[in-house]
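Colleague: Now for the letters of each chain:
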Amino acid sequence: MHIIAFLIRRAVQAVIVMFVISLIGFSIQDNLGDPLRELVGQSVSEEVRNEMRQEMGLNDPFLVQYSRFIGKAVQGDLGTSYFFKRPALDVIMDKFPATFELVLGAVFIFLSLSIPAGIYCAIHRDSWLTRIIMSFSILGISIPVFLTAIGMVWLFGVELGWLPAFGRGQTVELPWGWDTGFLTWEGIRHLILPSIALSSIMLPLFIRLIRAEMMEAMGTDYVRFARAKGLPERRVRYVHAFRNTLLPVVTVGGLMVGTLIAYTILTETVFQWPGMGFMFLEAVNRVDTPLIIAYIIVVGLIFVVVNTLVDFLYTLINPMVKLPGAKA
Amino acid sequence: MIPLRKIAAATAVVLGIATMAPAQTLNFAYDADPVSLDPHEQLSGGTLQLSHMLFDPLVRWNQELGFDPRLATSCKRIDDTTVRFDLRHGVKFHSGNPMTAEDVIWTINRLKSSPDFKGIFAGWVSATKVDEDTIEIKTDGPSPLFLNTATYVFPMDSKFYEAGGAEIAKHGDSFASQHASGTGPFIITQREQGVRVVFERNPNYWDTKSPGNVQKAVLRPIKEAPTRVAALLAGDVDFIAPVPPTDLDRVRNNPNTKLVTMPGTRIITLQLNEKRNPALANKKVRQAIVYAINNEGIVKKIMKGFATPAAQMSPKGYAGHNPALKPRYDVAKAKALMAEAGYPDGFKTTMMCPNNRYVNDFKICEAASAMLAKIGIEVDLTTMPKAQYWPKFDERAADIMMIGWHADTEDSANFSEFLTMTPNADTGRGQYNSGNYSNPEVDRLTLASLTETDPAKRAAMLQKVEQILYDDAAYVPLHWQNLAWGARKGVMIEDVVNVMNFPYLGDLVIKK
Numbered sequence: 435m436h437i438i439a440f441l442i443r444r445a446v447q448a449v450i451v452m453f454v455i456s457l458i459g460f461s462i463q464d465n466l467g468d469p470l471r472e473l474v475g476q477s478v479s480e481e482v483r484n485e486m487r488q489e490m491g492l493n494d495p496f497l498v499q500y501s502r503f504i505g506k507a508v509q510g511d512l513g514t515s516y517f518f519k520r521p522a523l524d525v526i527m528d529k530f531p532a533t534f535e536l537v538l539g540a541v542f543i544f545l546s547l548s549i550p551a552g553i554y555c556a557i558h559r560d561s562w563l564t565r566i567i568m569s570f571s572i573l574g575i576s577i578p579v580f581l582t583a584i585g586m587v588w589l590f591g592v593e594l595g596w597l598p599a600f601g602r603g604q605t606v607e608l609p610w611g612w613d614t615g616f617l618t619w620e621g622i623r624h625l626i627l628p629s630i631a632l633s634s635i636m637l638p639l640f641i642r643l644i645r646a647e648m649m650e651a652m653g654t655d656y657v658r659f660a661r662a663k664g665l666p667e668r669r670v671r672y673v674h675a676f677r678n679t680l681l682p683v684v685t686v687g688g689l690m691v692g693t694l695i696a697y698t699i700l701t702e703t704v705f706q707w708p709g710m711g712f713m714f715l716e717a718v719n720r721v722d723t724p725l726i727i728a729y730i731i732v733v734g735l736i737f738v739v740v741n742t743l744v745d746f747l748y749t750l751i752n753p754m755v756k757l758p759g760a761k762a
Numbered sequence: 362m363i364p365l366r367k368i369a370a371a372t373a374v375v376l377g378i379a380t381m382a383p384a385q386t387l388n389f390a391y392d393a394d395p396v397s398l399d400p401h402e403q404l405s406g407g408t409l410q411l412s413h414m415l416f417d418p419l420v421r422w423n424q425e426l427g428f429d430p431r432l433a434t435s436c437k438r439i440d441d442t443t444v445r446f447d448l449r450h451g452v453k454f455h456s457g458n459p460m461t462a463e464d465v466i467w468t469i470n471r472l473k474s475s476p477d478f479k480g481i482f483a484g485w486v487s488a489t490k491v492d493e494d495t496i497e498i499k500t501d502g503p504s505p506l507f508l509n510t511a512t513y514v515f516p517m518d519s520k521f522y523e524a525g526g527a528e529i530a531k532h533g534d535s536f537a538s539q540h541a542s543g544t545g546p547f548i549i550t551q552r553e554q555g556v557r558v559v560f561e562r563n564p565n566y567w568d569t570k571s572p573g574n575v576q577k578a579v580l581r582p583i584k585e586a587p588t589r590v591a592a593l594l595a596g597d598v599d600f601i602a603p604v605p606p607t608d609l610d611r612v613r614n615n616p617n618t619k620l621v622t623m624p625g626t627r628i629i630t631l632q633l634n635e636k637r638n639p640a641l642a643n644k645k646v647r648q649a650i651v652y653a654i655n656n657e658g659i660v661k662k663i664m665k666g667f668a669t670p671a672a673q674m675s676p677k678g679y680a681g682h683n684p685a686l687k688p689r690y691d692v693a694k695a696k697a698l699m700a701e702a703g704y705p706d707g708f709k710t711t712m713m714c715p716n717n718r719y720v721n722d723f724k725i726c727e728a729a730s731a732m733l734a735k736i737g738i739e740v741d742l743t744t745m746p747k748a749q750y751w752p753k754f755d756e757r758a759a760d761i762m763m764i765g766w767h768a769d770t771e772d773s774a775n776f777s778e779f780l781t782m783t784p785n786a787d788t789g790r791g792q793y794n795s796g797n798y799s800n801p802e803v804d805r806l807t808l809a810s811l812t813e814t815d816p817a818k819r820a821a822m823l824q825k826v827e828q829i830l831y832d833d834a835a836y837v838p839l840h841w842q843n844l845a846w847g848a849r850k851g852v853m854i855e856d857v858v859n860v861m862n863f864p865y866l867g868d869l870v871i872k873k
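Note that the protein sequences, when read in sequence, are chains A and B. Note that our numbering numbers the first sequence so that position 282 is 716, with each residue one more than the last. Note that our numbering numbers the second sequence so that position 445 is 806, with each residue one more than the last.
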């Protein structure tokens, strides 16, 4: 029954995280700039702007504004975006599928490349292929993602003309309101460049991580013992050794979700990908404070959810690990 | 069984679409998409670009900065404060309602209640109906700029908006921000904010003489300049704006694309705060600063030649443009002026600039501070995103602040009204005069120009204003930003773009 207790604890944790984030978001909003400037033309007088500020409640003291926000937030209303003129949460939910599919594309690419490459490099330490992979991974870590992205736009979008350079292409709306680009050829083609760009952050890191972990695992006693038992080399490598490299990989992967979300902002901006990250950067430029705060709260929630999933994955990979807080 | 003839006809239709449609569909990309469909919600370039697609104004600017009649066929001045507009007969809104004098009056009254537009319409006291096709405007004084103002009147379908909701919502949702019924060449058929707006040609467009052949136009906002240029070069879109200075040659030299440029009318200046820093209250110091800053060099090196160096606020073609004024740059003279003013060793000062508002804004400020260092003025420069910059600008938080200005009226007086007249919270004059420059003669001449209907006398007044500001070195004029559009060859944008940067896409011709 400790799973339910664990989930409840995590839910409480999520609420606290979101509360703290909203407080931080709220207290910095004055430093983000004056939203009125973005709402009205340049020649509108300070007097009119002040009237509007009053009307929108922006002149109220911090605590009044914040308690009004919390009052609405507990009812699921995180405010209305100034730009989209719709509830901020609705806007984010509209953009979520695009970001989710982009992240999925990136995760697919880096998992399907980093695992074989990492294992290969650990086993064939001195092969020329290993050297090439390792030097590329150094290069990959050191080139910033927006440079990779712009370079790819120029090469594949403009010079070669193989792949579309911006946007999401044709999307299909699924019955539950999810806009997917996976079902059309155009949608997939549009996904390729952005997901490669996004995966380019994680790929080198994971190759190196898996290689290091794998090398360590290959040297442990239980691997030697398995070999001594006469188990086939394949089984030793892929079941005994590899399974144990997964634990740190999952841990780092869970933590890296934050980095991945941060990089969706850059990737989506370069590729004009209509997701949450691009929306967030635009919201910052427009001082769309309700949308900014709603976004960071949602991202906070995603963090808690992902880390909860990571904890579950632990127990699956290694049955000796217990969920945090469970009796050993 | 389907008769063969029908199949043949259907095939012809399908083939017809397949061969005709590409030539008549315009895919275009701007750096942003319109905030709202309500033409009165925000006074911005984006709103006006959209207004010219969905609506039509009473009169509109042409490429020579003259006026072309649109929904008003003619106008005449009855007396000093009365103007009559004859409206075009038989024009229908997208909803099918006929356009009447009532609609135009309703629109003008709505403009007068819009926070963004009421400033422009402040001088229009009343609009009344004379007969079905004529309206009469009363102004609060002789009004030399009533045609400039009339370019902002895009008659709206009053019955349509009254039925749905006519409220102007600056924040939150409104009927008018999501629905539109105008008389313009296009109708919006699909809109996904920030992703795409699809326009279809209005089949009942009144202007049957318009050469435009765009049946469908798809606007896709592309925020990032390199991506926008890439989309044009890759052939994903037919037309983009703006083209960043760094990519001008790329668009010009590509065999499939062309570049259309035009000197712009947005003046970029540095204002010198005479109240914050006593040194800047000294006319000689201000002159020294103007002489020290090489604005022609800035245009050449930083703007890559893509701007016009300025010595005044009014660009060529404006009533107040004074051809005698030339950019000044002379470091030796600047040093001499500093010594004369009693600052031979210079002084310390602060400067603030935005870093994402104007083209290369922060680079210009960095260059200017380096140039000021040469005459001993030590500048503490702070740059920040525009969202944070404007509140600082309102506070007058630094001695030297950057401001760019485009006259909503396309008239010289507007520059002075906002940038150089004595700041006055009650009248709103000098609202953007962070330098606190004040000269009674400038105030008097600017105000007089607002009611002077003799064009020659008016031009003389406004040119005199420019001369005084020049002599006083009231501010540092830098340059007018140029405008650039990129298009696929065969898309005849050069015929429909203008210095106001609202292309008349209804008249756009796409040759194969």
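Incorrect hints may appear among the rest.
As a list, the in silico DSS-like pairs of lysine-lysine whose alpha-carbon atoms are at most 25 angstroms apart [stated by the list, open to error]:
hint, chain 1, residue 1, chain 2, residue 2
1, B, 665, B, 645
2, B, 687, B, 662
3, B, 661, B, 636
4, B, 661, B, 619
5, B, 644, B, 735
6, B, 584, B, 636
7, A, 519, B, 687
8, B, 687, B, 644
9, B, 570, B, 818
10, A, 519, B, 479
11, B, 735, A, 519
12, B, 473, A, 519
Label pairs and their computed distance ranges (CB to CB) [stated by the list, open to error]:
hint, chain 1, residue 1, chain 2, residue 2, range
13, A, 608, B, 746, 45 to 51 angstroms
14, B, 457, A, 739, 49 to 55 angstroms
15, B, 705, A, 493, 47 to 53 angstroms
16, B, 385, A, 465, 46 to 52 angstroms
17, A, 461, B, 850, 32 to 38 angstroms
18, B, 709, A, 465, 48 to 54 angstroms
Bear in mind the hints are in silico, worked out from the structure with no lab data behind them. Just so it is clear, the structure is predicted and the values come from calculations on it, not from any experiment. Glycine included, each C-beta is placed from N, C-alpha and C at the ideal position.
Colleague: Against the structure shown, which of the earlier numbered hints fail to hold, in ascending order?
Modeller: Structure breaks hints 1, 3, 6, 7, 9, 11, 13, 17 and 18.
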